[in-house]
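Given next are the chains, with one letter for each unit.
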Amino acid sequence: MSAILKVSNATMQFGGLVAVDDVSVVQREGEILSLIGPNGAGKTTFFNLLTGVYKPTKGQILFLDEDITNLKPYERVEKGISRTFQNIRLFSELTTLENLLVAHPDCNREGLIESIFGRSKLIAKRSKVVEDCENILEMIGLKDQELELATNLPYGKQRLLEIGRALATNPRLVLLDEPGAGMNGLEKEELSSLIINITKKLNKNILLIEHDMKFVMSISDRIIVFDHGVKIAEGLPEEIQNNQQVIEAYLGRGITDDEE
Amino acid sequence: MKIKLTKPVLAVVFALLLALPLVTTNNYVLHIFISMGIYVILSLSLNFVTGFAGQLSLGHAAFYGIGSYVGALIMLNFHVNFFLALIISAVVSGLFGFLLGLPTLRLKGDYLAIVTLGFGEIVRLVFINWAKVTRGPLGLPGIPKPTVFGVELNTSMAFYYMAIVMIIVTVVIMNKIINSGIGMAMQTVKADEIAAESVGIQPIKYKMLAFVISSAFAGIAGCFYASFISYISPTTFIYNTSVTILAMVVLGGLGSIPGSIVGAVILTLAPELLRFLSNYRMLIFGALMVVMMIYRPQGFWGAGKRVKNIYKIKAGGGKHVGHIKG
Ligand SMILES: Nc1ncnc2c1ncn2[C@@H]1O[C@H](COP(=O)(O)OP(=O)(O)OP(=O)(O)O)[C@@H](O)[C@H]1O
Ligand SMILES: [Mg+2]
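Chains A and B supply the protein sequences, listed in that same order. Residue numbering for the first sequence is 1 to 260, as defined by our numbering. Residue numbering for the second sequence is 1 to 326, as defined by our numbering.
In short, the hints are calculated from the structure, not lab data. Check the hints yourself; a few may be wrong.
Stated by the list, open to error - Away from chain A, derived, C-beta distances all over 12 Å, residues of chain B: (1) T25; (2) R135; (3) I266.
Stated by the list, open to error - Quick list of in silico lysine-lysine cross-link-like pairs, DSBU-like style, CA-CA up to 35 Å: (4) A:K125 with A:K72; (5) A:K79 with B:K205; (6) B:K205 with A:K6; (7) B:K205 with A:K125; (8) B:K7 with A:K125; (9) A:K143 with B:K176; (10) B:K108 with A:K157; (11) B:K108 with B:K176; (12) B:K108 with A:K58; (13) A:K157 with A:K188; (14) A:K188 with A:K72; (15) A:K121 with B:K176; (16) B:K205 with A:K121; (17) B:K108 with A:K55; (18) A:K157 with B:K205; (19) A:K143 with B:K205; (20) A:K214 with A:K201; (21) A:K72 with B:K205; (22) B:K205 with A:K58.
C-beta: ideal position from N, C-alpha, C; glycine also.
Chain B on its own, in the form it takes in the complex:
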């Protein structure tokens, strides 16, 4: 499959997305697109640490959950403005990413995966059992909507456009980092830590950075979700969610930004589109994933594509396109 991300193609897709709320008044459709947007940010953020820096995490839903709960609680209890809450959620989630990373990022591969899995479970149990604050399994209802200059943004359309803005900001920031010296250093840490150290790169620093940035973006997605859905409970932030996000990243192609977006779009749309198959849909869906992994293990957008190095272009060195045969 060859998809070319040329400027006209992107412009058309973007225009269609902008126009969507004008052509459909169907809240169900917008709702799906907003969920999709949240998952796009989640998969982009997981891709950053797992696809790009090579650190497998099976607990991404925990950071999503922390962002959600922190955002919801400060908006409910302290009437913090939504946009400030977004930032606070990002900081708190990032902080938890840092605290988890401190002892665990010295671990490799499978061990790290197991610890992050455990962390995900612990966080979920805290949501359930710290009832005084989180109301446990009952969840938190009535989470406020954003307000701008006294106007409440409570329509699906508003959330839809906010999601688009958030995705654009996320993509721009991640692109900048990936194509910077930091991004290149992260790639070397993923490829060969000993070689990385031999040129002066401190592996733990870059793993940590990737982990924190990834958690922070998941936290933003969480806070946004809380306000959008206005009710959260621990059942959203389960292991299953972590795996779904990971599936999006892998399906789209590890380490690829367009890939993570495509992965999130497909995995949010597919269950909806396959709804007519009722009980068989998860079965068919699983089978499709297996087929995909056999015939295109690098994902839709993985390995076959290597993005031009912006570091060089920014330096004024002209056109510079590396390519991998594959």
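Chain A on its own, in the form it takes in the complex:
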């Protein structure tokens, strides 16, 4: 299998704090890869390196064999990386549907001239955009609420909408930052089958951060473990479950938390 993502020796320093420390990761085409680790381990920071919110202090990021280390966030979206946020960042004053529309490349790259003078060709293009986005809404189960403002959706649905928005950019790789946070058991089960659908039916690659171990173990093809910015383990779910270093990192959490 070829690699979709290849990160070599990535380091991110904030002043004296090394949030991501010399991390190398390879994600293979087609796999669901999970990133776990105690609070403050550097998981979200790693996502921010992948999406270009931060430029790594050191290291290189290859996406589909192309060096994207110096690309801007919006350029990486064009390349095919999209994400959700740990703290939901929807466009709260736009409707559910509009949140997807703005993410669709044919919508947010519309030209000025065509937007003023466009006729049937523009209408056809927009119809296609709306159709694409409604298909995604169908998939995430939000079709019925497409005209609701995002801010009026319940929390769990807002999380789903963020996933839908990430899908609307037509990505190859989707980064999900704690998609199940704040969801109840039933919602998590639905989320789990949604994620599997995204990989199987839409052929997208998923890299996901999650704290719920049961969820992670059941869904992941492979797992990577961070602690204090360092990658301490990598392997199949069973391997990770029995890894001594991982168990220690999680057990020691109460102590390290106080140090911060």
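Go by the hints and put chain B with the ligands onto chain A.
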């Protein structure tokens, strides 16, 4: 306050406006309406960048001034036709918007406001001090009127109807942009730049676009004003004017096209209607603004109304009306 912009209401207002010059021969009244029209375009254009794309500008009068001076100078010196001058003024003002935006749109909120304020002052000082071209404080007199097929359009009535046409064109164009993919992208940039970038939107591009379009329309208003009033001087394009336009946008409701129109109408009419109060009128006027901002901070037409998304309708998706409770 609930105002419904139904089709019949609009039709009646429009008919009344069209009929106005036929019922009144009073030039003073028409004059006020034409000024109002110029301010409608100015407030619509500022609303585009500040209300809609969320970039606070305190130097809008500069673009108004650039349009005025460019239009006046090319009509006076090169005898350029008024309608061509309108377009050239728009392009030059838009270009200045671009040049100012290039370094400054990376700044946020207050900083951008200060830079645009500074820009406004610099432009005014150039009008005053570049006397060889602008005649400095003396201003430029004798700016020609438009001519169509050799006929000079020098009546107030002609300017009145031209203003109406200009407003309609402005509203139609802005409506199209606001309800396009571009408009939606602008809204996301205003709401959350990081989220916008995360879906592939380049914030600076849309801020720039908003800034350029806004400046270009201000330039058109400027050129129109120059020809209408036939004499311009730097005193028109002062900080005070920028603030007045901003007040129109805020009073009408940030981000709202009908709001900007209402704001411009009220703020041009109010000083005239309150004229009998003589020296107290500005005082009372200020007090009214304060009361308004306390009881209806979203403006007459702001937030409470969210226009249906034409993107969806155009796509053939049927009725689609989002609403904000408020
Ligand atoms: N912009 C920043 N400036 C300074 N420090 C930062 C910044 N972003 C993150 N950090 C620090 O980097 C460390 C890693 O944070 P990060 O958010 O990546 O952890 P995480 O693994 O996502 O944790 P959680 O599970 O709580 O979400 C933390 O100590 C955090 O305070
Ligand atoms: Mg995190």
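A quick look at each hint next to the structure:
The claim that T25 of chain B lies off the interface holds: its Cβ sits roughly 38 Å from the closest Cβ of chain A, which is beyond the 12 Å cut-off. The Cβ of R135 of chain B sits about 37 Å from the closest Cβ of chain A, beyond the 12 Å cut-off, so the non-interface label holds. No Cβ of chain A comes within 12 Å of the Cβ of I266 of chain B; the nearest lies about 26 Å off, and the non-interface call holds. At roughly 27 Å between alpha-carbon atoms, K125 of chain A and K72 of chain A fall within 35 Å of each other, so this suggested pair holds.
Annotation: proposed proximity of K79 of chain A to K205 of chain B holds, straight-line Cα distance about 18 Å (limit 35 Å). For the suggested pair K205 of chain B and K6 of chain A, the alpha carbons sit about 30 Å apart, so the restraint of at most 35 Å is met. As the CA atoms of K205 of chain B and K125 of chain A are separated by approximately 22 Å, the hinted pair is consistent with the 35 Å bound. For the hint pairing K7 of chain B with K125 of chain A, the CA-to-CA distance comes to about 29 Å; that is within 35 Å, so the pair holds.
Note on K143 of chain A and K176 of chain B: the hinted pairing holds, with a Cα-Cα distance of about 26 Å set against a maximum of 35 Å. Proposed proximity of K108 of chain B and K157 of chain A is supported: the alpha carbons are some 32 Å apart, at most 35 Å. At roughly 27 Å between alpha-carbon atoms, K108 of chain B and K176 of chain B fall within 35 Å of each other, so this suggested pair holds. Of the pairs offered as hints, the one joining K108 of chain B and K58 of chain A holds, with about 29 Å between alpha carbons and a cut-off of 35 Å not exceeded.
A threshold of 35 Å between alpha carbons decides the hint, and for K157 of chain A with K188 of chain A the separation of about 11 Å falls inside it, so the pair holds. Our distance criterion of 35 Å between C-alpha atoms is met by K188 of chain A and K72 of chain A, whose separation comes to about 33 Å. Distance hint between K121 of chain A and K176 of chain B is fulfilled; the C-alpha atoms sit about 15 Å from each other, no more than 35 Å. At roughly 24 Å between alpha-carbon atoms, K205 of chain B and K121 of chain A fall within 35 Å of each other, so this suggested pair holds.
For the proposed pair K108 of chain B and K55 of chain A, the alpha carbon gap of about 21 Å is at most 35 Å, so the pair holds. For the given pair, K157 of chain A sits about 31 Å from K205 of chain B by alpha-carbon distance, which is consistent with the 35 Å threshold. For the suggested pair K143 of chain A and K205 of chain B, the alpha carbons sit about 31 Å apart, so the restraint of at most 35 Å is met. A distance of roughly 24 Å separates the Cα atoms of K214 of chain A and K201 of chain A; the hinted pair therefore holds under the 35 Å criterion.
At most 35 Å may separate the alpha-carbon atoms for a hinted pair to count; K72 of chain A and K205 of chain B meet this at roughly 13 Å. Under the criterion of a C-alpha separation no larger than 35 Å, the hint pairing K205 of chain B with K58 of chain A is consistent with the structure, at around 29 Å.
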